[in-house]
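J.: Sequence:
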Amino acid sequence: MATTAEESTAGESTTAPAGCRAAEAEGNAGPRRPPVASFSAVMAGFIAVAGSYAGPMVVVLQAATAAHLSAELTASWVGSIAIASGVTRIVLSVATRQPVVVAWSVPGAALLLTALGRYPYSDALGAYVVAAAAALVLGAPGWFGKIMEAVPQPVVAAVLAGVLLPFVLKASSAVVEAPVVGGGLVLAFLLGRRYLPRYAVLAALAAGALLAAATGAVRMPSLTWDFSGPVWTTPTFGLPAVVGISVPLLVVTMAGQNAPGLAMMRQLGYDAGHRTMIGGASLAWLLSAPFGAHGINLAAITAGICAGREAHEDPARRYIAGVSCGAFYILFGLFSTTAVALVAAVPGALLTSLAGVALLAATQGAIVDALGRHGGGGRATPHAAEAAMVTLAVTASGVSALGIVAPFWGLVAGTVAYAALGMFRRQRPRSAPR
1 MATTAEESTA GESTTAPAGC RAAEAEGNAG PRRPPVASFS AVMAGFIAVA GSYAGPMVVV
61 LQAATAAHLS AELTASWVGS IAIASGVTRI VLSVATRQPV VVAWSVPGAA LLLTALGRYP
121 YSDALGAYVV AAAAALVLGA PGWFGKIMEA VPQPVVAAVL AGVLLPFVLK ASSAVVEAPV
181 VGGGLVLAFL LGRRYLPRYA VLAALAAGAL LAAATGAVRM PSLTWDFSGP VWTTPTFGLP
241 AVVGISVPLL VVTMAGQNAP GLAMMRQLGY DAGHRTMIGG ASLAWLLSAP FGAHGINLAA
301 ITAGICAGRE AHEDPARRYI AGVSCGAFYI LFGLFSTTAV ALVAAVPGAL LTSLAGVALL
361 AATQGAIVDA LGRHGGGGRA TPHAAEAAMV TLAVTASGVS ALGIVAPFWG LVAGTVAYAA
421 LGMFRRQRPR SAPR
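Numbering (full-length UniProt numbering), first residue to last: 1 to 434.
Hints listed in this document are in silico derivations from the structure and should not be mistaken for laboratory results.
Even for Gly, the Cβ is constructed at its ideal location relative to N, Cα and C.
Keep in mind that the hints are not guaranteed to be accurate.
[To be verified] Simulated restraints, written as ranges between beta carbons of each label pair:
#, residue 1, residue 2, range
1, K146, A420, 38 to 46 angstroms
2, V416, F237, 34 to 42 angstroms
3, V94, E72, 26 to 34 angstroms
Construct the entire structure; sequences and hints are all you get.
T.: Structure follows, in structure tokens:
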């Protein structure tokens with residue numbers, strides 16, 4: 001995929017990892033056809049939004065409850081992160097013709113579960129502004145992207161695999177928990193992959209919804225379509241909140257969201273330019289922070305849904321899924337209270353199973369890139385594969401230390417293992433023992 005001349009001359013990498021060259025070749029082969037709306041791409045965007053509201057949004061609501069925020073401020077928080085994510089997705093996807101996927105910081109919301117209530121709300125917003133400005137300074141000039149480029153590719157791919165794998169594994173538990181809904185959904189997906197690969201996820205969604213309705217698992221609440229737009233609160237800046245919120249929020253957002261997000265895009269064969277993507281997301285965060293947005297960043301989980309083969313067979317048309325996802329985000333953000341209640345009515349087993357099957361291909365690709373390929377696409381060197389396995393184990397474990405989430409520690413552990421194993425092999429005895 002091409003990047004702008006400005007980004008290329010600035011030294012940004014425009015080469016996707018070896019495991020993604022087939023996707024790039026597929027997207028660049030022959031004359032580019034005019035963009036055509038795709039039902040599968042539009043539905044991929046909807047599935048990504050529904051998944052975001054079913055899981056990550058719950059963490060945001062829990063943090064708001066723990067901090068005793070009013071209903072108005074909670075709705076503003078939910079609405080601001082959804083609208084900011086949606087607008088940024090649409091702008092970047094249309095500008096780059098690639099499915100750039102932006103969302104709110106899930107580990108950041110988890111951090112705020114205990115941190116938000118300790119400070120005045122306006123001070124917390126000031127801390128968001130500081131963290132967003134720092135992310136913009138790191139992302140827009142390309143510094144963060146260059147740091148990520150210095151990390152060995154098998155390690156980056158393994159971080160991505162570790163982020164995605166738990167979602168795939170949870171599908172098994174969902175099938176056991178609700179064998180009719182979950183099992184029927186998985187079976188429909190497998191049959192779809194056999195006969196209609198492009199619509200396999202849609203077939204799974206349709207089957208799961210029908211089975212959930214037939215078994216009475218869906219309990220529709222009484223809905224009122226209340227407009228709940230963001231509310232401005234003037235930020236104030238207190239040193240305790242900056243230290244207690246800004247610093248850890250910046251670390252978990254950059255390492256726990258932007259790093260896997262970059263890895264996902266490259267693993268799927270896209271490179272819109274890390275300055276463009278992270279800079280755009282960070283700018284959206286900065287502008288939306290006074291309305292309650294705690295973090296806007298690249299997404300990995302929903303990117304696997306919107307940028308994968310299930311969204312569209314033609315990589316050049318998958319950006320439609322990014323636009324669709326952004327539009328649904330804006331709609332959900334404007335009616336955030338209603339949207340949360342609506343998604344809450346859907347059985348958890350259905351959403352968990354759907355996320356698992358939708359991310360299968362992306363997880364498979366990440367694991368293959370981490371453990372099975374390097375350079376020109378051959379087998380990985382032993383020390384690269386071992387370092388990738390260390391990375392995968394740490395990331396998938398979900399371990400958290402010092403308030404920093406597992407993807408960061410997986411990145412650190414894998415990089416250290418890669419360097420140590422490579423050094424050990426270089427320093428082996430030069431002559432065989434007699």
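J.: Decide, hint by hint, whether the structure agrees.
T.: Status of the hints after comparison with the structure:
1. K146 - A420: 38 to 46 angstroms: violated (23 angstroms)
2. V416 - F237: 34 to 42 angstroms: Holds: the Cβ-Cβ distance is about 36 angstroms, inside 34 to 42 angstroms.
3. V94 - E72: 26 to 34 angstroms: holds (32 angstroms)
Comparing the model with each earlier hint shows a violation of hint 1 alone; every other hint is respected.
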